[in-house]
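S.K.: Chain by chain, the residues:
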Amino acid sequence: MTMVTTEEEAQVRVADHASRTTSPSVTRRVRGLSDRAIAWAFIAPTILLLLAINIFPLIWTIYLSFTNYQANRPNRPITHVGTKWYQEILNSPDVWAAMQATAHFVFWTILLQTLIGFGLAYLIDRKFRGHAFWTTIILIPMMLSPAVVGNFWKFLYQPQIGLFNYIVSFFTGIPPSSFEMLGSVSLSPWSIIIVDTWMWTPYVMLICLAGLRSIPDYIYEAAEVDRASPWRQFWSITLPMALPFIMLAVLFRRIENFKMFDMVNLLTGGGPGSTTEVASITLKREAFEKWRTGYSSAFAIILFVAVFGLANIYVKALNRVKQR
Amino acid sequence: MNHLMNRFLRLRRGPWENLATIVIALGVLMLLQPLSLTLYTYSFATMLLGTFMFVIVSKFPE
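From first to last, the protein sequence lines stand for chains A and B.
Heads up: the first sequence at position 27 corresponds to 27 in the working numbering, and the numbers run straight through without jumps.
Heads up: the second sequence at position 31 corresponds to 1031 in the working numbering, and the numbers run straight through without jumps.
Treat the hints with care, as some may be off.
One side only, chain B facing chain A, incomplete, derived with CB under 10 Å [what the hints assert, rightly or not]:
#1 1002
#2 1004
#3 1005
#4 1006
#5 1015
#6 1017
#7 1020
#8 1024
#9 1050
#10 1054
#11 1058
#12 1060
#13 1061
Calculated pairs, DMTMM-like style, for lysine to aspartate or glutamate (alpha carbon to alpha carbon, straight line, at most 20 Å) [claimed, not checked]:
#14 127/A x 256/A
#15 316/A x 221/A
#16 259/A x 1017/B
#17 284/A x 256/A
#18 154/A x 1062/B
#19 127/A x 221/A
The hints are simulated quantities; they were obtained by calculation from the structure and are not laboratory data.
Every residue gets a Cβ at the ideal spot worked out from N, C-alpha and C, and that includes glycine.
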């Protein structure tokens, strides 16, 4: 009782102090505002910032995608070209090839990351001795910066001194300097897939682990009573109950890999030729090498719609997981 | 089947959201497929349709 009284007294003292230190004009103004107006006053700076750094650039990009604007010639008069850039992009075999390179990259990274990630999560969930230590070790690649990862994998892929080539050589007997992961047309897409899988499998593992830990033990106990084999338990309990989480991880990685730029730019820069030229690399070349700002704005909008659509599916999947 | 059609006609969120999701997924597949340039050409329109549809139907009642 004494505690409550002391707390109440302290609150009254603080309120009294605030009323004395706030100038009468401010007090009058604040008193005149409704709760709703005060709430708006608090969130207005954030909304303004969001409008300035997110919404305005988006609207500006949509506008530019219908013009012939070039960022390196800002004084040139802007003329409207209608949907010319959209038609050009959507009928261009080169951009289509870039989309296929993106699809190849997205498909294989997601397949490998999901299989390995779920496998690792399943093993970690067994709670063997030292599982916390191994979880930390597995999570390290995910915590590194893509710039660091790109640079050190570049060294690992060196044909003369690279550790990767020596490991492949050790297992297959092929001389280490006889193949070049980043310079070969057939191997360079796989070199990026390997690095992305190495870096982001831990992320998929974390989400799958959350899914596996959410399965109540009594379901397994009931299955044991019914003499279900471990194989049957996996297919009838573990996999169906972890599936929404796996889908969530797949969707999230799909969105991220669809936008992949940093790793590809650091490792191959889109080469050799245009073998690893994913959509974001094409966009960068059009925008900052050829300076076709209108064209690249239209391309960015097409990619934005694809990512926005995928994000909608992601939100829907997330709501389903929440409902579970 | 009748129940699903009823929900469609009464503008319920669930089935319409599913339809919009299918249209978006179809658009993304058309964008990334290696088989036909024509499908690639119409992928953007399909994705845009699906996305607009999703934004609108997500306001429908449950």
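S.K.: Now, for every hint given, state plainly whether the structure supports it.
M.R.: Evaluation of the provided hints:
| no. | hint | verdict |
| --- | --- | --- |
| 1 | 1002 | 24 Å, violated |
| 2 | 1004 | 18 Å, violated |
| 3 | 1005 | 21 Å, violated |
| 4 | 1006 | 22 Å, violated |
| 5 | 1015 | 13 Å, violated |
| 6 | 1017 | 6 Å, holds |
| 7 | 1020 | 8 Å, holds |
| 8 | 1024 | 4 Å, holds |
| 9 | 1050 | 6 Å, holds |
| 10 | 1054 | 5 Å, holds |
| 11 | 1058 | 8 Å, holds |
| 12 | 1060 | 13 Å, violated |
| 13 | 1061 | 16 Å, violated |
| 14 | 127/A x 256/A | 30 Å, violated |
| 15 | 316/A x 221/A | 32 Å, violated |
| 16 | 259/A x 1017/B | 25 Å, violated |
| 17 | 284/A x 256/A | 17 Å, holds |
| 18 | 154/A x 1062/B | 52 Å, violated |
| 19 | 127/A x 221/A | 17 Å, holds |
Hint compliance for this structure: hints 1, 2, 3, 4, 5, 12, 13, 14, 15, 16 and 18 are broken, all remaining hints hold.
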